[in-house]
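Protein chains: 2
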Amino acid sequence: MFTVFLLSIGDELLLGEIVDTNKPFIAQRLMPLGLTVVGAETVGDEIEDIVAAFQRALKRADIVIATGGLGPTDDDLTNEALAKTLGCELEFRNDVMEQMAARLKRTVTSLPGSNRKQAMLPKGAQVLRNDWGTAPGVHVPVKLTEGAYQVAEVAAATKHVFLTAGVPREMKGILTERIVPFLEAHYPAARALVMKKCHAFGIPESIVGERIKPMMQAGHNPNVGTRVGGGVVTVRLVASAPTEREALELLQPCLAQTREALREGLFAEDDETLASATLAALLWNNKTVAIAESCTGGLVSAMLTEIPGSSAALLECAVVYSNEAKMRTCSVKAETLAVHGAVSAQTAAELASGIRIRAKADFGLSITGIAGPEGGSESKPVGLVYFGIASIAGVRTVERNYPGLDRGMVRDRAAAQALDFLRRTAIGE
Amino acid sequence: MFTVFLLSIGDELLLGEIVDTNKPFIAQRLMPLGLTVVGAETVGDEIEDIVAAFQRALKRADIVIATGGLGPTDDDLTNEALAKTLGCELEFRNDVMEQMAARLKRTVTSLPGSNRKQAMLPKGAQVLRNDWGTAPGVHVPVKLTEGAYQVAEVAAATKHVFLTAGVPREMKGILTERIVPFLEAHYPAARALVMKKCHAFGIPESIVGERIKPMMQAGHNPNVGTRVGGGVVTVRLVASAPTEREALELLQPCLAQTREALREGLFAEDDETLASATLAALLWNNKTVAIAESCTGGLVSAMLTEIPGSSAALLECAVVYSNEAKMRTCSVKAETLAVHGAVSAQTAAELASGIRIRAKADFGLSITGIAGPEGGSESKPVGLVYFGIASIAGVRTVERNYPGLDRGMVRDRAAAQALDFLRRTAIGE
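One line per chain: the protein sequences are A and B, in this order. Mapping to the numbering used here: the first sequence position 223 is 275, numbers consecutive. Mapping to the numbering used here: the second sequence position 378 is 430, numbers consecutive.
It is worth saying that the hints were derived from the structure and are not from the lab. Misleading hints may appear alongside valid ones.
Which copy is meant is left open, so a pair is good if it fits within one copy or across any two.
What the hints assert, rightly or not - Mimicking DSBU-like on lysine-lysine, the simulated pairs with C-alpha atoms at most 35 Å apart in a straight line are:
| # | residue 1 | residue 2 |
| --- | --- | --- |
| 1 | LYS265 | LYS157 |
| 2 | LYS169 | LYS265 |
| 3 | LYS136 | LYS175 |
| 4 | LYS432 | LYS412 |
| 5 | LYS136 | LYS111 |
| 6 | LYS224 | LYS432 |
| 7 | LYS175 | LYS111 |
| 8 | LYS385 | LYS339 |
| 9 | LYS339 | LYS249 |
| 10 | LYS136 | LYS249 |
| 11 | LYS265 | LYS136 |
Note that the structure is predicted; figures quoted are calculated from it, not measured.
With the hints as constraints, model all of the structure from the sequences given.
Take a look at the structure:
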């Protein structure tokens, strides 16, 4: 089994300024190659720290992929640190400079000096052309010589270090187009890894845990794990075998048990999300929807429209924060708002009916609630949300309460609940 | 200077299933205490790997904060691993069991066995009550005894290990209410750390880099860093001094230079975002807006409504994917759609005017473009987006092109551009 260690470089990560989305992307991309990510580390922009991190990473894995620190500014030190780790010089690469000039549509001599820095690579490095930004990716094959890792020819190398920019778009391009093809050729999967995921909405993790306990205790292959997020419980199964077919076969009994364990809540598998499963349910049943969002403020619509092809099912969405907008766009009665309030089952019902009729959709979906932090009362606390769904058969409403959650979480949970409600309606539950 | 190391535990992280948002949250929360995060590591659910990670972390920092692996299922091994690291036993804690029973409104004897597992803590650990979920936080003071870290009394301890659940809501509660108060009392900041951030939209990073180069080369205090994301360039300044006031003073000249360097693009500082700066500009100028979104599908609205108080400025948003919705809700003329197409400056202008008049808002904002992956043509490629902004003074439109970006990125960039356009309009640029 060949192993991978991921290194993320940048003070902005240690200062908590940004969330590292590169590591999960790389990990997912490498899994089908049969390569296992055994660990990941984050270091700041201090050269000694980066050198030490490279040394630790080279000890722990066959392949090291480092992101970040390749930019044009003075706090970008990854190439320098790798050169130091391997005891080699930095070398000015005219080919890199020419690529950058071509990309920026300038001449080599007119590039700012800051770009020149990006053309200084560890001596012996292979350039991974960057078609998505300026900093080239770097591939350095290494081998252990007299107790230290040194640059080697590919044929003689025992380990491989790859560097990419930290900007997700550039990282994705270099990983997918440059690094993965090399790894596929160089590490023909000794063992295939296959992962299956099952997602359920509305079942507590501890109940899922009880139901799948026998599987989790049965052993490490398939490996069974669970996680929760936004009301969704995911059970993950990973099997490894000499071939993909054998790994899939190994997975089958566990997968059947997992589906049974999640039965009433199971809404999708693998990379499907609540939004994509909901959209698929609408498209499969040839149904359209229009949405009136109050407290979720466009979130449900944004989640659905993220998916290509959503325009075939989502006819219109109205974010109707104000009472005026609720009346104007969804024909909510002034009397309903006056008697029951904007956050009520009655208003949810009229919103759903109103937007359905307005857009001539099969379903009307509405969400109205108190996301906080202000606006709560004793009878209608922060976290109280009403959902309405209208169809030709009439309107149904549901009440949910999310006590103790902050604004963002109330909105996230309410959006998930709205999608699940719509999905169940679309499949006729 | 006291140091912190962050450890994230869970196969779901190494498999790339989820993005780790806990590390940035913890790092940001610790900065005002004068504690420096020196590194972070991610490990899977193998007990030997977790033990080794605890050992490395204890070597590298005074404080170790580990998240994840405290759940009720069998792949949750953090307590066990910490006990093994420190050479102590796990101990059943009846007080923890009672807290969990009270929270789940059950009796201790009726709790599932899986919850019982969550009451097994390293012997000598202090319980950090979890009011946000079931798994208690854990605090283990340690000291080095004969070359190994062992559990100690707080008074004798030289280092501290904290464990919290990986669920962000529980982590945030335990960190903020339990861990931070201890750290504040135990490590009265020897040096204050102050961070300032300046955000600009629409200037390339390399130009920012050239302008702030002298500052970056001037030294490490203040430390100057840059990052880019979604068209926003952020310059980060961190100063450290014996007192907060001195750190702020140290920062001032750099801050002035940074503001000057970012001049034409500077839209906000510190924790402000494009959305919050835009909302603030609207509220400050007592202006309202209505939005018609096509390719961004509710994203701009969701970004604005994420902020408490947004309802005072955002009157209504319409997601108008279909031509019918564009005509019905925003009074776009059929002829305009037929002659110029849905993705055109003319349609953007009519969308902006139409939604403005409909909602009786000061400004109407529109976004219409081709997010892809389908729908592009030679004359109107994927990534082409038109923006319209209508006011009492008339309508302006802007065209932008985001070639080579995927659907999600085109939407993100277009949403950012729309917000910046609205913000500049609101402040009268």
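Hints, one by one, checked against the model:
Taking the closest pair of Cα atoms, LYS265 and LYS157 come within 35 Å of each other only across two copies (23 Å); inside a single copy the shortest separation is 60 Å, beyond that limit. In the homo-oligomer, the alpha carbons of LYS169 and LYS265 lie at most 35 Å apart only across protomers (13 Å), although the nearest pairing inside one protomer, at 55 Å, exceeds that limit. Proximity of LYS136 to LYS175 under the C-alpha cut-off of 35 Å is restricted to the intra-copy arrangement: shortest distance 11 Å within a copy versus 44 Å between copies. With identical chains, the CA atoms of LYS432 and LYS412 are at most 35 Å apart both within one copy (32 Å) and between copies (30 Å).
In this assembly of identical chains, the alpha carbons of LYS136 and LYS111 lie at most 35 Å apart whether taken from the same copy (16 Å) or from different copies (23 Å). In this assembly of identical chains, the alpha carbons of LYS224 and LYS432 lie at most 35 Å apart only when taken from different copies (25 Å versus 46 Å within one copy). In this homomeric assembly, LYS175 and LYS111 come within 35 Å of each other (Cα to Cα) both inside a single copy, at 22 Å, and across copies, at 33 Å. With identical chains, the CA atoms of LYS385 and LYS339 are at most 35 Å apart both within one copy (27 Å) and between copies (27 Å).
Taking the shortest alpha-carbon separations for LYS339 and LYS249, only the intra-copy value of 27 Å comes in at or below 35 Å, while the best inter-copy value is 47 Å. Within a single copy, LYS136 and LYS249 get their C-alpha atoms only as close as 42 Å, which misses the 35 Å cut-off; across copies the closest is 31 Å, which meets it. Only between protomers do LYS265 and LYS136 lie at most 35 Å apart by alpha-carbon distance; the minimum there is 24 Å, versus 49 Å within a single protomer.
Consistency with the previously given hints is maintained throughout, with no hint failing.
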